[in-house]
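Model the placement of chain B on the given structure of chain A, informed by the hints.
Protein chains: 2
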Amino acid sequence: MRDIQSLFIKNILNGTRSNLKECGTAFAASNIALCKYWGKRAVALNLPVNSSLSISLGHLGTHTEIRQGNQDRVMLNGSEMAVNEPFVVRTLEFLDGFRPLLGNTYFEVRTQNNIPTAAGLASSASGFAALVMALNNWAGWELDGQRLSMLARLGSGSAARSIFDGFVQWNAGTNPDGSDSFAEPMAQIWPEFRIGILKISEAQKPIGSREGMNRTVATSELYKSWPAQAEADLATLRTAIDTQDFTTLGKTAEHNALSMHATMMAAWPPLIYLQPDTLEQIHTVQRVRADGLEVYLTIDAGPNIKLLFLEKTQATVAAAFPDVEIIQPFG
Amino acid sequence: MRDIQSLFIKNILNGTRSNLKECGTAFAASNIALCKYWGKRAVALNLPVNSSLSISLGHLGTHTEIRQGNQDRVMLNGSEMAVNEPFVVRTLEFLDGFRPLLGNTYFEVRTQNNIPTAAGLASSASGFAALVMALNNWAGWELDGQRLSMLARLGSGSAARSIFDGFVQWNAGTNPDGSDSFAEPMAQIWPEFRIGILKISEAQKPIGSREGMNRTVATSELYKSWPAQAEADLATLRTAIDTQDFTTLGKTAEHNALSMHATMMAAWPPLIYLQPDTLEQIHTVQRVRADGLEVYLTIDAGPNIKLLFLEKTQATVAAAFPDVEIIQPFG
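Residue numbers (this note's numbering), protein chains in the order written: chain A, 2 to 332; chain B, 2 to 332.
Hints are not guaranteed to be accurate.
Any copy will do: because identical chains look the same in the list, a pair fits if it lies in one copy or spans two.
Quick list of in silico lysine to any residue cross-link-like pairs, SDA-like style, CA-CA up to 20 Å [unchecked claim]:
hint, residue 1, residue 2
1, K225, N51
2, K200, E281
3, K252, V218
4, K225, V50
Just so you know, the hints here were simulated from the structure itself, not pulled from any lab data.
All figures in this text were calculated on a predicted structure; none of them were measured in a lab.
One chain only, chain A, in its complex shape:
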């Protein structure tokens, strides 16, 4: 698997010479998928079964700095992490694929997340995107966003989308070599768009996303219908974004997210990331919507809820969900 990734990286760089500066830096925004990525068609290259579409979180994300070191070191939010921490292991495994292209150097990585840690937002997307962009900056490769997204994808699938801001589509592609599976930004700006975070739990997920999606693909009969739904949802979402049709966007995103969770619930052993409090809030969203408040939800592979709404309902949403943390993706 590492060999496959190393070869892929070499092909992407395609002979580009490295010209190391003192250090490389980059910022990448986190993103929330409106049409979810769930299921790999090839594990080694993180190639997805279905295309996905996300909205980035503007200034919320990861800032990363990388330079040569005397040994591999990873600092997260100002603290040096032990080399056996899963975060460090995953970061260094990823960087291993780049080492031969950078003179087999040691890496010193400083990562800073400005995503409120209490918000329960995944940081691997912005983390691997920022890392790849920092590498690109450090080595002077000047790769375009398409190539950067393919490299970020190797670290975490959803990181492919965090290379860009705003609405972003990650094309699943069909080539076995992964050369057509990359992200592309959409031009549309929607300043009134709001995202509300409802934190349910900060606990580590008992089953990670990778294992979760592999189990779903392997054991969930209902998953067989997922790719067709995701494809249809993505097309609907693109049109809704084009026409700023919030109702269609919200319905489609919520339907898509709950359908993804449904594919997991139908796996064996059952995979249920939703907690009792998640379900309580899902029922609340359905109730306030029935009362006329236009708010929708999406949920990643975890217990936390993201509300989707427009600026004009912000006060009402905040009243209905007192703990909500509101983000302006285009703010």
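Quick look at chain B alone, frame taken from chain A:
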């Protein structure tokens, strides 16, 4: 729709003469599906998309008495019900199909459920089965179980299975006229089999099963994969019952039930019968099973949980779930 049902009833009776006694009585046991019925291929005749398989609840069910009256009257558990009560409306609509065959008489129906009303167990299955059997007894038709199950099916799909005791299969059939969609008993006896009821809520379901399954079939993309899963699960369950392989039976029943709920969660608007406390108990079942206790669950279109286990673990199950109400289906 009523005309279609009336014609179907006439065809089933096929000229059989009615010879009314003073009154007709019958008892039918409630049943719990291990492979769920979810989705109709034809609404008017209650023809299911998939075959299903259940276990009856022994002495827990409905006792019904029917006789001629001066007006239509329905007594439930000793109390006369108002004619506009949904229970009465549904009962009389069903009986309307039989009226022309019984001299256009008025009906006086006395129904007694000995299912603990607190248990949250559906009573429509045993209710319509007992009603059909009481009619058969009253009119002296001497119909066989196959025909009785087809008549009961018109009142409530799952009532087809409550005509028989023990493990029962309801064949979906393929004929548009409904003539091959009937229940059949399995011969196997499993005295060690136990069912545990975990009551979560007694509240009326906001969306009834009929509307729920119609919405699922119409809007849930994932539902398209349900019939294939149900067919496979049914075959697996039959073999597990034949060989008394409880592990396979339990896994398959739980997987089947959660997959059914998954098809609903993927409907639009989302259909989520599970309550926060249901989810809490689902997580508890997963946890105690990981600890080595062999207990599985099934959930009908509602919030309440039915545990499946064997006699040998009864004390441990009762300790892990203090509120459980234990039923011996073969007791």
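Going down the list of hints, with the structure as the test:
Proximity of K225 and N51 under a CA criterion of 20 Å is satisfied in both settings, with 12 Å inside one chain copy and 18 Å between copies. In this homomeric assembly, K200 and E281 come within 20 Å of each other (Cα to Cα) both inside a single copy, at 13 Å, and across copies, at 18 Å. Only between protomers do K252 and V218 lie at most 20 Å apart by alpha-carbon distance; the minimum there is 18 Å, versus 25 Å within a single protomer. In this homomeric assembly, K225 and V50 come within 20 Å of each other (Cα to Cα) both inside a single copy, at 11 Å, and across copies, at 18 Å.
In this structure, none of the earlier numbered hints is contradicted; all agree with it.
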